[in-house]
Every structure is written in C-alpha cells, then in structure tokens.
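From first to last, the protein sequence lines stand for chains A and B.
Sequential numbering of the first sequence, starting at 106, is according to the working numbering.
Sequential numbering of the second sequence, starting at 17, is according to the working numbering.
Bear in mind the hints are in silico, worked out from the structure with no lab data behind them.
There could be a bad hint or two in this list.
[Unchecked claim] Over the 10 Å line for every Cβ pair with chain A, so calculated as not near, a few chain B residues:
1. Ala18
2. Asp83
3. Leu143
4. Arg171
5. Ala352
6. Gln368
[Claimed, not checked] Below, a list of computed lysine-lysine pairs in the BS3-like style, where the Cα atoms sit at most 27 Å apart:
7. Lys240(A) <-> Lys132(B)
8. Lys240(A) <-> Lys117(B)
9. Lys194(A) <-> Lys25(B)
10. Lys234(A) <-> Lys194(A)
Virtual Cβ for every residue (Gly too), placed ideally from N, Cα, C.
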Amino acid sequence: MADLALEIRGITKRFAAHLAVSELSLAVPRGAVYGLLGPNGAGKTTTIRMILNVIAPDSGTITVLGSPNTSPGLLDRLGYLPEERGLYKKMQVRRLLRFLAELKGVDARTADARIDEWLDRLSLRTAEKDWGNAKVDELSRGMQQKVQFIGTLLHDPDVVILDEPFSGLDPINSQALKDTVVDLKRRGRTVLFSTHLMDNAERLCDSVCIIARGEKVLDGTVSGVKSEHHKRNIALSLGGETSGEVSAILADRSQVARMDDSNRFFEIEMAPGGDPQLLLQRLVAAGAAVHRFELIQPSLHQIFLERVGAVGVEEGMSGHG
Amino acid sequence: MAKLWTVIKREFIERVRNKWFVVVTIFGPVFFGVIMVLPGYLSVKGMKSARVADIRIIDATGTGLGDRVAARLGGGVTGQSGGGAAGEATGTQVLVVEPAKLADAESLATRDVMAKTRRGYLVLDSLTISAHKAHYAGRNASSLNELQIIENALRSAILGQRLEREGLDPKRVEALTRVRVDMASERITDKGRGGSGLGSAIFGFLIAFLLYMMIVLYGQMILRGVLEEKTTRVAEVIVSSVSTDILLAGKVIGVGAVGLFQQLVWLGSAAGLYLFREQIFSKLGMPTMPAMPLPKVPAELIVALVLFFILGYGLYAALFAAVGAMVSSQEDANQAAQPVIMLLVFSIIFAQPVMLNPTSRLAEIVSWVPFSAPVIMPMRMAVIQVPWYELAGSLTGVAITCALCVWLAARIYRVGLLMYGKRPSMRELVRWIRQS
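Just chain A, with the same shape it has in the complex (with noise of 0.2 Å):
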C-alpha cells in the first residue's frame, strides 16, 4: 500500500454531544486530485484537522504518506491552506513567507529563493512594485490570497490539503488556484480538497469522497462513481419563452423522474420505462425551441443532490463543516 499518499481507517471525532465524523475511510492514491465533498457541517474541516493531527481522532488510524500522521517531520511535508484564510497584518510579506516556510523546515535561503520566484509567478513583483517588502495589511484582498497560496506551497509539500479553497475567491484567483492544481498534479503531487462546489470538484478531481453527517456516503473515481449512478439523463436547452404546455410534459412523471431546472437548461432523469425518444417528439409538438438534447451521464451536482438529499443537511456545531 506505498502508493497511497492518505489513508484513513475508520476514524471518528465527537465533540459532546455531536459526532462530527463517524467510523471514517478514504484512501487517496499517490498523484491524485482528491475531493472531499459534502454539504456545510458535514464534518470536512474535522477531518482535515484530524489529519493535520491539528486534533485526534477518538478512534481509527490516520496513514500519510505511509506513516502514521502523528510521526515526527511528517507535516512538514504537507502543505495546507484553510477555510478560514488570514495573515498577520502588521508583517512585511516576505519576512512572513519566510517564517511559514522556516516553520515547514525549510532553511531562510532557500525559502528566499523560492520567495522570489513566487512572487514573480503570481506577478506580486512587478517592475514597478515589490509587493514582497510592503506589509500584510497593505495588500489587496486578493494579493493576500496569492501570499497565502505560497505560503501553502514554498515548502513544496508532497500532499497539499485544501480546505474550501475557492471560497471568497475572485475569478482570477480561482483559475490561478485551479492552474495550480493542474500542476501539483502534473508534477507528481498529491492535492486533497474539500469543497462544496460540484462544478470545481467534477471538472479537477480523479476521485472524490461524498460526505454527509460525518458519515462516508460514496467514493470512487469520478468516473466509476458516475456510471455507477448511470441513469439516463437528459440535458435540455430551449430557447424562447417556456409554455405551459411544455412544462406539463416535463411535469409527467411517468416519464420524468426527477429534474434540475436552472431556467433555460434543464438536467432530467428520465423515469423507469420512460422514453426519450417520445419526450423529444412531445417538445417539438408543443412547439418549444430545443436547442440541445443530448443523452448524458448524471453530474456529480445530480449525484451528489440525490444522495446527501436524502441524508439531509444538518449545520455542524464548530460552524467549519
């Protein structure tokens, strides 16, 4: 089991009375891009922390990187950037990278050099402004965020966990975070985030882990969970105004079983025994303008509604998910 770079054997946290995870197992290959997914309270942040060995578990193992998480040096070669983001204020950027780094280990020359070299990368030095010598509280929101990703990664950690990373993100910063991504992963590393947003997690993760009231719902390849929930699905676009005698027919449940409307794009899963070909005909009949209809594998958005749905959403008791 060398190649995985997290295991976690059936770990659960309570807190009083709330169990924020139950009886918890994931294992994330090494190189991959892992989603941890699950709606607010679900017990993410908990399990973040629990590997972090920031808090420990009241049962269950925690493996990274072959180790168990408790031994000594290991986080050093994690990189992490939470939830809640901030810096101290009153420090000069590049005094404070340094310390983040010199924290992971990392000696005040080299931390230097790759200071520099970040900066240069997510253009906070420029020809005109060294951001790097101004002080924390004299950036932009948005620049603290890119000091905060380096921060997060001038260790050059072999796991990177990513706690909601794109929330209070800016688009810019987002593509940024998700280029990142995309490199860590091309460069051999192994990226975990947690996140709420299923477009963001479908589009970067190999594989995901669907979590609900601190409890494992699925998990699985993007793919494998998706053809597991394969289902004929629909996606619908119409044009113009929609009539009331379409939304009749899309209304029929003995043909449609479930449908997301988002207004002008529809995602429908059709019934058992229903048609497809018969629904088109009935649309075109009514007279709607359909610009697209296209048999499609479910997203993990209708995956993930279908199943947490059913399991509910609870706000959790530290407010962190």
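Keeping the supplied structure of chain A fixed, place chain B upon it in accordance with the hints.
Structure of chain B alone, referenced to chain A:
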C-alpha cells in the same frame, strides 16, 4: 526545537522592530529621568522665593543670641527694622526687644506672617538661655525639614554663646561650632552591614513595581498576540506546522525575551544617567546631589529576582494566553482578562503595607501566596533578611502554580485557538481541559 526557535525569533523580532517599542525603549529612561530630576529642580527654584532663613527673630534675651542664629541660618541679615514690613522680605530679620514688649512684637510679627511679608518668626527670651526653650510660629510650621534647620541653627548658636562665656575666643567658637553633619543610614542584617537603609527601601519598591509592570505589560502583550492569531485566523495555518504547545511556548519565551531586552536597555541607560548625573545637574543649575547610596545587591537576591521574574511571568503569561484563546474579540478579552488583572493588582496593593512593615504577618502571608509572591517576595528580600525556608517555600509554591497554570493554559489554548464564537462557560472550559 528548530521550530520553537523560529516561533521565538518571530515574536522577538516583530515586536522589537515595532515603532512604538523603539520609542518607548529609547524615551522611557529619558522620561523617568525627567520625573526623577524635575521635583528636585522645581524645589531648588522654589527655595529661592521661600527660603527658610526669611524669618523674623524676636530677640528678648539681651545677649545678641538672635544675631547668632541669623548668622547660622546663613540667609543674610536685613537688619533691624522698627516694625512693620519694610519692602522685600528676604534674609533674616532680627528684632531686639525689651522682654516687656515681647507680646506686642509677637502680634505684629503674626500680622506680617499673615500678610506674607515674613515666613515665620522665632521668639527667644530668658527661658531660651536658662532652659533652652524657644518658640517658632510660621507658615512652614508643618515642614519637619525646615523646622529642623531652624532648630539646628538655634542649638549651634546657644552652644557658641556658652563656649564664649567659658572664655573661648569668639572666632574660634565660630569656627568650631560650624559643623555640618550629613548622616547616612545603613542597614544591618544577619550577614552584617549591607548598604543604605533608604537605598534598599527604594530599591525594593522599584523591584516590586518593575516586576508588576513587566508582568502586566508583557502578559497583556501575550493576550493580544494570541487574540490576533485567532481573529486573523493565522493560527489555522500555523497549527498545521507546529503543535500548539510549541506555539504557546515560543510566544511566551519570545515575549519574555522582549521584556528582558527592554529592561536591559533601560538599566543600561539608567546607569548612564547615574554616572553622568553631575554634568546633568550642573546644566540644570542644580546643586549636585550627594551620591545616592546605591544598595549593595547580594548575589542571592539577583538569583531570586530572576527566578521570581521567570516563574511569575510564566504563570501570568500562561493565564493571559488562556484568556486570549478563550475569546474571539477584544471586548470579550478585556472582560475575561479581568480576574487575571485583579490577581496582579491585589499583589501591588499589598506592596506598600509590606514595605512599611516587611516582617509583619501580612507580609509573610502575601509572600507565600503564589499569585503575589513574585512581586512581593523580591521586594521584601531587598529590605529584610527573609528566612531561607520562607524563600524556598515561596519559590516552590510559585513554581508549582506556574507549572499548573502552564498545563491548564496549554489545554485551553489547544482547543480554544480554533474555536470561534461566544466565550465558553465555566463548564465548557472544564470540558476543553478534559478533552485535550
């Protein structure tokens, strides 16, 4: 250990680089110097307008004793005036009267004092010669220091007169009786003589106050530091690299080092001010003060001082850190820190009674209580010889309490650092401590 060092380094460097720290560290001694020199400077200035010698001597002895006293007061003589206030009232005025007219002269003098043309008046009569009794009335009758000067002048004048009566040459008498005595007080302990009594009292107070200030200032610095890490969420990142125990230890040690560093700078500049005091005083036009007798500080006092500072600081720093980890906002912090500050204020309140009576039962009790011992005990040690068993017991008590507080604080810190929202109740706190 390397990580602990990294945390300590950051705490130290970031704080020492702070503008305010630089200002306070450099100007602190200047400020204290001004505070210490200013009263002396002002009283020198004030003396010129209200000198002790500006009194009237009503001499009814018929022996010229009044002139002798005036000469010894050394403020110059304005000569005899028939009565009433005549212009500027500086220098001693000697009024020779018949014993029968003494009462009139006195009531006139009373009016002059009330009209502020004279500071006071001294009445010398036959009783002064026979029974060494004199009478003084004046605005400064409550100033022990000034009365003593007048009394000394009178005593020396009578002595001179007696010697002359015994047949000594007046000039010899004058020379012989002009003796100025400067008495230095010295303290004796079991170990023998040990520096000046007043010096060690001041030193003791200074120690207590410095320890108190250090603990309050740097303890609160820890509180703010922990709160900052919490509210900015930096803690989230840092705990993924180091354990909370190391983070807490690094913070406490780093901030403590800042405190020691500042004290060293202050001590250095205080020593400088002391060494160059003559130059400074003469620049200000003040008479050079006699060298303040510096107390001899025995080595064991220094050792005890350092130990009490380290343990006392550790104890309170841990408590402040726990408070910082408990709360999520500055307002909550102010409230939650109050019990800790009360403990400290309680120690400094007892400093004065203990100073005045360092061997009392109260003094013994508060130097056993671990929360006040770090402030009170070193102060007591500066003024009296504290029995070794008391010292050892008090130190042990502080050490055990310190260890206990650090242990509790580390547990609260571990849980609290990543908890946001409302302040935990007492019951929740106990659960935090058990849980971690």
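Hints, one by one, checked against the model:
1. Ala18: Given a closest Cβ separation of 7 Å, the condition is violated.
2. Asp83: holds, 73 Å
3. Leu143: Label holds. Min Cβ-Cβ 77 Å, cutoff 10 Å.
4. Arg171: Correct as stated: the minimum Cβ-Cβ distance to chain A is 67 Å, above 10 Å.
5. Ala352: The assertion about Ala352(B) holds, with a minimum of 20 Å to chain A.
6. Gln368: holds, 39 Å
7. Lys240(A) <-> Lys132(B): violated, 65 Å
8. Lys240(A) <-> Lys117(B): Violated, at about 86 Å.
9. Lys194(A) <-> Lys25(B): Measuring from Cα to Cα gives roughly 17 Å; hence the hint holds.
10. Lys234(A) <-> Lys194(A): Given that 27 Å is the threshold and the Cα spacing comes to 19 Å, the pair holds.
Hints 1, 7 and 8, counting from the list given before, are not met by this structure.
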